[in-house]
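Colleague: Just so you know, the protein sequences line up as chains A and B, in that order.
Going by my numbering, 134 is the number at position 110 of the first sequence; the sequence numbering is gapless.
Going by my numbering, 33 is the number at position 24 of the second sequence; the sequence numbering is gapless.
Honestly, the hints are just simulated from the structure, not real lab data.
Even glycine gets a Cβ: it sits at the ideal position worked out from N, Cα and C.
Take the hints with a grain of salt, since some may be wrong.
Listed next, the stretches of chain A that the computed footprint assigns to chain B, with coverage defined by at least 3 CB atoms under 8 Å from CB atoms of chain B [as the list claims (entries may be wrong)]:
(1) 40-53
(2) 136-145
(3) 180-191
One side of the interface only, derived from the structure: several residues of chain A facing chain B at Cβ under 7 Å [what the hints assert, rightly or not]:
(4) V132
(5) I319
(6) A320
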Amino acid sequence: MKRLLLLAAAAAAPFVFPTIAQRHLLILIAINVILVASLDLLMGTAGLLSLGHAGFMGIGAYTSALLALHYRIPFLLALAAAALAGGLAGLFIGYPSLRLRHHYFVLVTFIFGIILTLLFTSLVGVTRGPMGLPGIPFATIGLPQVGAHTFNTFRSKVDYYYLVAGAAGGVLWLRGRLVRGRLGAALIAIREEEQLAMAVGIPTHRYKVLAFVISTAIAGAAGSLYAHYATFISPEVFTFVDSFNLFVMNMIGGAGTPAGPVVGPLLLTVVRDTLRNISPVAAEIAFGAFLIAAIAFLPTGLMGALRRSAGRGR
Amino acid sequence: MGLVTLLQYLVNGAFVSSVYALMALGLTLIFGVMQIADFAQGALYMLGAYVSFYITNRAGLSYFLSLPAAMVGVALIAVLNHLAVYRPLRRAGGATSFVAALGILLILQNIALWVFGADYRLIRSPFGDGKAVVLGAVITHQQLFIVLVTAGLILAVWLFLQRTRPGKALRAMSQNRDAAALVGINPDRIAVMTFALAGALAGSAGALVSPLRAFDPHIGALAILKSFAIVIFGGMGSISGALLGALIVGLAETLTAAYVAAEYSDLVAFILMILVLFLRPQGLRGAAAP
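So that you can see chain A by itself, here it is in the shape it has in the complex:
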């Protein structure tokens, strides 16, 4: 029932909010939902934290954009390549670092994210550095015509919104499946008692690497979705502050709660955008204060707090 309501709300959203700015925001929210859901796959189950997700998103965005720009690769293939690139980068960094203790792993993801941003900036020959990559082709998929919507070019904001919202729904569904399945059970066991999990024969390292690779592959795909929407990417979009924002969205929404990955991005994307329209500098100050207040008063996130108060009411 709740799920149907959410689906109906998501489908009606571009008509309830018809202006270009509002629809733009809806698309950004959907992309953030994908990213936060991928983070929550780690944080909500294994309690693993990635503070470099914007970097993995950047890998996907640059892979997809460069393939489309230089080799005219069709959108869906570029999207798959972006997911592959994100996943490979996750394997490369996750395999060795997931053997380390938890907080070292967090640091590695954080620093790796910064290294990626610096690489995007300094590999001028490939990425054009701080000037960014302009002219990335719009996403096109060969689909039959439905009324006025051809779905061939997602140039219209409504069409693109349905594409990313559909992808977000798919990722949320996948997250639910994985969390309830073998992988989720193993990750929860790792969070609760890693030594014990190992002792009863769960290959903990393999499961952690697998979860991290899935998560970074999704982040890479989200990068591709962003690149073929914005048609311009630059290192500024994939900084450690952006990684941090995703983490905060996950935390504020409530890690490990089913609705958390939707509530967090919705709330924070709207709050930040509203504040920015008033004054960019005041927005950052208010956002900083908001972060501190959130961890002081909502340590388990909004959905966690709601769940707790609902439990008390019963």
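Go by the hints and put chain B onto chain A.
Modeller: The following block gives chain B in isolation, referenced to the frame of chain A:
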């Protein structure tokens, strides 16, 4: 590439290392005592540069006065951060102190943007263009001043930690919090003192380097990220590790800029850090992995 050129790069690297050493020392002290990765130190470094700018360029007072003023002013802000944010949140622990620190960094950085504007500033060096030549390598008097003051400050901190009662109490807290509380050390007082000390160091770093490098309200972010990488490279909570790490990273950065490419020099600290995490997770001088 002659030997003199190499020596010249090492001289340049020494002053870069000095700034990192001051920042990393403060960070590692706070981490040792409080287990907080205090990213807000980046903003304190930036504020140190602005205090120095207002005293020297705007009020027309001596640069040598601006150094202690920056140390005291920034130390007060560091203590304020602790009392207003870290202390009330201390029970939350874990990733939350990280979020809080970034919150403070955002707030201070943007208040600075608001108050000081986005223009780049540079302080007039009291030494003018004065230079000394050592074995063929040129060192400006300002660079020499930075290296000497840094050495003095590090020595002072070392003496404080080794010889005085509050310094010993700080080290005790850093080694074993509960045992320190058991023998009557007041953890709240030590925490305030640690933040004041780290703030003074970050403020001095900002004031020292401001005549050599133009700055704006955003300089703190990259500086703190690198200092943080240096602290992990050296071993979190280890003082000798932070200093050694700062020395190695400062020199490696300068050499990378000279012999490889300038745009890769910012990567050096992070790559060294990743290497150390894989090969020796506790850092160069860290005790067994905590």
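Colleague: Confirm or reject each hint.
Modeller: Hint check results:
no. : hint    : result
1   : 40-53   : violated (count 0)
2   : 136-145 : holds (count 6)
3   : 180-191 : violated (count 0)
4   : V132    : 6 Å, holds
5   : I319    : 4 Å, holds
6   : A320    : 6 Å, holds
Checked against the numbered hints given earlier, this structure breaks hints 1 and 3; the rest are met.
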